[in-house]
Amino acid sequence: MSRGVTPGQWLGRIVAGAVVAFFVLFFIVPIVWLLLASTKSARDLIENPPFSLGSLGSLAANFQSLVDFQNGALLSWLGNSTLYSVGALILTLLVSIPAGYALALIEFKGRRPLLMITLVVMLIPNTALVLPIFLELSAVHLIGNALAVILPFSFFPFGVYLTYIYFSTSIPADLLAAARIDGASEFRVFRQIALPLATPVVALVGFFNFVQNWNNYFLPFLMVPGRGSPVQVGLAELLSTVPAFNPTAIGVVSIQLPALALATVISIAPVLIIFLFSQRFLVEGMTAGGTKE
Amino acid sequence: MTVTSTLATAAAADLSQGRQRVARRKSVTSSQSRMGYIFVSGYTLLLLAFGVLPTLYALVLSFTKDGAFVGIDNFVRVFKDFRFFPAVGHVALFLVFWLVSLVVFVVLLALIVHAIKVRWISSGIRFFYYIPGALAGASSVMLWLFVLDPSVSPVAFILEAFGFESFVQTISPDNLPVIFTVIAFWTGAGGWIVVMYGALNNISNDILEAARIDGAGPVQTAIQIQLPLLRKWISYMGIMSLAAGTQLFVEPRMLSQASQAVVPGDYSINQLAYLFAFKQNDFSGSAAISIILLVVALGLSAFFVVRGGLFERD
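Residue numbers (our numbering), protein chains in the order written: chain H, 1 to 293; chain U, 294 to 607.
Take these hints with a grain of salt, some might be off.
Computed spacing ranges between beta-carbons, pair by pair [unchecked claim]: (1) U/Phe450 - H/Val202: 45 to 55 angstroms; (2) U/Leu349 - H/Leu147: 12 to 22 angstroms; (3) H/Gly226 - U/Leu522: 49 to 59 angstroms; (4) U/Gly508 - H/Val15: 14 to 24 angstroms; (5) U/Phe450 - H/Ser138: 45 to 55 angstroms; (6) U/Ala554 - H/Val202: 42 to 52 angstroms.
Cβ-to-Cβ under 10 angstroms is the rule here; a few derived chain H residues that face chain U [claimed, not checked]: (7) Val24; (8) Gly57; (9) Lys109; (10) Ile117; (11) Ile124; (12) Val160; (13) Ser185; (14) Trp214; (15) Leu235; (16) Leu239; (17) Val242.
Please keep in mind that the hints were generated in silico from the structure rather than gathered at the bench.
Computed from a predicted model, the values in this text were never measured in an experiment.
Where is the CB? At the ideal position from N, CA and C, for every residue including glycine.
Working from the sequences, and respecting the hints, build out all of it.
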């Protein structure tokens, strides 16, 4: 691009730059504001400029009021979220990695139909089956049980598909064939050849599964109402006790807006931290560019 | 409607393009296939329990009432419900706004960001666009409740410029399709921008260089070379978003909660299914709505798998 730049091109660049900058603000400003809001008192929030910093004291007070809310409900919501997300994560990995491996590298009857069904199911939005799953689980009296969340979360066809793709492309079938000729059992082939090479795809499947589990609202909202709620569902409950949004809640132990902002920050913190640490692969690795070679 | 799942499926779709043919062994030993069955058994069980069975169960429920076969009665009742078509209308209007904004801005932003040659600026911008994807579901709606409330909003001046003085005014039902679009765009667009950026990266530099030597400017290059090559991805994004958008639930539910039902509790189709099941104890009606939504989602995805070409095998 060493040619001279015409005024028209300059104008084009300025417009393009402005569009990009506008959207950077659009995506980032709400998050920055939310972080700041959680450090303010209710009065600061309304009276001070939106992008001013509050104080550590207010932050602590907000946190205290959240902890006090229904005797530490927030903490038990976070505990529930952790239980559901991590439990499902472990089960997902245990189930998806061998399945993806088998679909990619083992010949067995029914392999192709299973792959096709996986593809179709993968594209169905995960909320579409929530009500039917609820009806099914209520028929077997599992509603309210942690399994009613963990088991549906562990059904993760995308993870199976990702593993399938990974093993099909990264492990030459000849390598496995050689090991088999040497007399290694199928299980040993999997454990000693495939698994050590699978770290990237385990991380990938784990990442997507955890984020999706943590953020899911509709499914746990139905499956584990009340005490069993994860933090996403709890957040909505918290909302209904905020006087600013719900005048009838005045008098009940009320939550002020900055505390609600802090609760929102806390509810997203684990995922946000994972995002920050996975920055490189989110922006580069996952996409078409990553599979160019 | 989580961004990670859309991005994730896009990534999978993409990976399938770069995949090589798997060499198949001619002879299949029985110990191999036995191991194959053991390896897929856990997944198959979950697939049956949470993919196939609920679908069948919902199908049965939707054609029966209290255990007796009633034909399409449940569907007729749902269609006749005075709330059904307004809900369909709401969701449809939202989908129009959302799809148009996605296609226009995601493609535009991906093209611009892709044209930025300084690596760290380009990747930094993509990261900024992507980060709201961490906030899905209730958290992102909660954040937007603040942003839409003029008394605390950091962009109160914008709301006031539109004449919105209070939260209730901001979220008046007429504004909802736009508001849901903004929220959905905010959480989801970044993931798609990254996907499109990746797809643009796959266009060989030689082609772009040749176009430049022929005197094509950035706009011409975009229209004549990049856009046609992105078409498959744009339709993928459209179909995925369409399927996900029909499921609208948490956004209207939380707005309804926060606004003393200024936003009605039966705004979206999924909310209506929820009301049928839990307020009216009409599981058959609820199942009928689920089946309708499922047929739409399944139809779209099957169409894409079969016709889209992204998942072509071997």
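Status of the hints after comparison with the structure:
{"no.": "1", "hint": "U/Phe450 - H/Val202: 45 to 55 angstroms", "in the structure": "48 angstroms, holds"}
{"no.": "2", "hint": "U/Leu349 - H/Leu147: 12 to 22 angstroms", "in the structure": "21 angstroms, holds"}
{"no.": "3", "hint": "H/Gly226 - U/Leu522: 49 to 59 angstroms", "in the structure": "51 angstroms, holds"}
{"no.": "4", "hint": "U/Gly508 - H/Val15: 14 to 24 angstroms", "in the structure": "21 angstroms, holds"}
{"no.": "5", "hint": "U/Phe450 - H/Ser138: 45 to 55 angstroms", "in the structure": "49 angstroms, holds"}
{"no.": "6", "hint": "U/Ala554 - H/Val202: 42 to 52 angstroms", "in the structure": "46 angstroms, holds"}
{"no.": "7", "hint": "Val24", "in the structure": "5 angstroms, holds"}
{"no.": "8", "hint": "Gly57", "in the structure": "20 angstroms, violated"}
{"no.": "9", "hint": "Lys109", "in the structure": "7 angstroms, holds"}
{"no.": "10", "hint": "Ile117", "in the structure": "7 angstroms, holds"}
{"no.": "11", "hint": "Ile124", "in the structure": "5 angstroms, holds"}
{"no.": "12", "hint": "Val160", "in the structure": "6 angstroms, holds"}
{"no.": "13", "hint": "Ser185", "in the structure": "8 angstroms, holds"}
{"no.": "14", "hint": "Trp214", "in the structure": "9 angstroms, holds"}
{"no.": "15", "hint": "Leu235", "in the structure": "5 angstroms, holds"}
{"no.": "16", "hint": "Leu239", "in the structure": "6 angstroms, holds"}
{"no.": "17", "hint": "Val242", "in the structure": "8 angstroms, holds"}
Consistency note: the structure conflicts with earlier hint 8 alone.
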